[in-house]
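Peer 1: Listed below, chain by chain, are the residues.
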Amino acid sequence: MPVTTHNGQLLWQRRTPLTQWAIWFGWLALAVLFVLSWQIMNKNTIWLFVEDAPRQAADLLSRAWPPRWSYLERLWGPLWDTINIATLGTGLGIVLATPVAFLAARNTTPSAALLRPLALLIIVASRSINSLIWALLLVAIIGPGLLAGIIAIALRSIGFIGKLLYEAIEEIDETQVEAVRATGASGRQIMDYAVWPQIAPAFAGISVFRWDINIRESTILGLVGAGGIGLQLQSSLARLAWAEVTVIFIVILATVAVSEWVSAKVRAAII
Amino acid sequence: MRPAAPSAGWSRPPLIRNAWLRWGLYLGLGLYLIAALSTLDVNWQRVLDGVSNGWRVLEGFFTPDFTSRSRDIWQGMEESLTMTVTSTVVGCLISIPIGLGAARNIAPLPVYAVCRSIIALSRAFQEIIIAILFVAMFGFGPFAGFLTLSFATIGFMAKLLAEDIEDIQEAQAEAIRATGASWWQVINYGIQPQVMPRLIGLSLYRLDINFRESAVIGIVGAGGIGATLNTAMSRYDYDTAGAILLMIIAVVLVAEYASSHLRKWVQ
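From first to last, the protein sequence lines are chains V and U.
Yeah, the first sequence ends on 271 if you go by full-length UniProt numbering, and it's all consecutive.
Yeah, the second sequence ends on 267 if you go by full-length UniProt numbering, and it's all consecutive.
FYI, nobody ran anything at the bench for these hints, they're computed from the structure.
We put the beta carbon where it would ideally sit given N, CA and C, even for glycine.
Some hints could be false.
Calculated pairs, DSS-like style, for lysine-lysine (alpha carbon to alpha carbon, straight line, at most 25 angstroms) [stated by the list, open to error]: (1) K265(V) to K163(V); (2) K265(V) to K264(U); (3) K163(V) to K264(U); (4) K159(U) to K264(U).
Partial list, derived from the structure: chain U residues whose beta carbon lies under 8 angstroms from chain V [as the list claims (entries may be wrong)]: (5) T86; (6) V89; (7) Q126.
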């Protein structure tokens, strides 16, 4: 907090002039970057369509309302598929992520030089690719359907679960491990009695949290052919049947709300 | 913990103490698995055929082809990056007043209710679904993507900002208020300095998220590298697809690394 003398009076300023200048320069750079990006982005924008948007929106709304409720009975099957994609995908993700997390955690990894970087690489690669892109790849490989969706969700979940779990493992209380080791326990027994009980609540919390996210993500995987309610969404969009799209949106919203409620309840019970 | 009988030894207490609940849960889980797996209609022949396809995708990943479609790739990348920057700036600017309005300790109840509903609306749907709607209204291209990402940014930023403002030290705002400051002055001198570092940190985090999302909304026509990837995949051009995936991973890594470093520096 610099204080300067100005006309014989003490003057307080929050920052030194130099920091103030640096901050102004930072904001200026951001503004320039924004303007440049805006210009490049809108090179090909047809402003006529943008001006037309309110009319298009009104038109869309008039077609989308009232929702065609009779369509609902054809959505129960796809909805069940969506829930299965999310749940089985989360399960598979947990099975794959747990060993990765143990390999990645500094205190449990068998080889810090070789296996730890490999595990971290798996975690990063899984996290940087969106589940929709995983689904796009898997549909190309094993064909459209639920299996592609389940594997996409699982592959995407590895990074999330693996990262949070290995951080939980690194934060455990080492004295408990030491105490169990002092009884002459084997490696497996140390894992079972000293490490696992400490991370079990975190493990359950992370799994439920990821399941909640996966319900959201699995609703749209059908857009690239990976099964579930997104498939219905795709076909309704292709036929411009907006009254059906509204029903699908309402069903998705309700499902997401229920899954959020369930996950909040389960997490409150665990922690 | 049960007192251990000397001969029986000690056994660990189960995670769920109530035996009925525990076995009920296991039974329910088993029944669900049977029901779910039985409706899982997998064409194993197709899956087996896919293995060779899988090799080709992997091969494409290891022999990426950056050159033959470089014009499309660069255009997609340019759209994704510019979309990310503009939508983060606009989204954050809009989310500041909404975040102020959604903080119960500084906003009156009607304003609070309106701002909270805007946040709920923005968070209710996936980016992809919002993108579908905006593409239908504004036409194909990055402008629809920009609107989608801005809209999604508002819900995220405003919610976290409002929670931040609700968690501030009231004493500091109180001290400013005691000097006879107006509402604006209380915000500017009592609240803004407390939340500013977090706000900048969150914007950087959102920049990172927006790039990831910009890589997928192209699949439904909202511009960006996702559209290029989708085209490459549907043409079975796995070498180009591999190149695009590598670029996405690279940018995500750089963005994550840079944003976490900047965040540490700011906070």
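Peer 1: Hints first: check each against the structure and report whether it holds.
Peer 2: Status of the hints after comparison with the structure:
Of the pairs offered as hints, the one joining K265(V) and K163(V) holds, with about 24 angstroms between alpha carbons and a cut-off of 25 angstroms not exceeded. Taken as a hint, the K265(V) and K264(U) pair is broken in the structure, with Cα atoms around 34 angstroms apart against an allowance of 25 angstroms. Only pairs whose Cα atoms come within 25 angstroms are accepted, and K163(V) paired with K264(U) is accepted, the gap being roughly 20 angstroms. This hinted pair checks out: K159(U) and K264(U) have alpha carbons roughly 22 angstroms apart, not beyond 25 angstroms.
The closest approach between the C-beta of T86(U) and any C-beta of chain V is roughly 5 angstroms, which is under the 8 angstroms cut-off, so the hint is satisfied. Hint status for V89(U) relative to chain V: holds, with the closest Cβ pair at about 5 angstroms, below 8 angstroms. With a cut of 8 angstroms, the hint placing Q126(U) at the interface with chain V holds, because the nearest CB-to-CB distance is about 6 angstroms.
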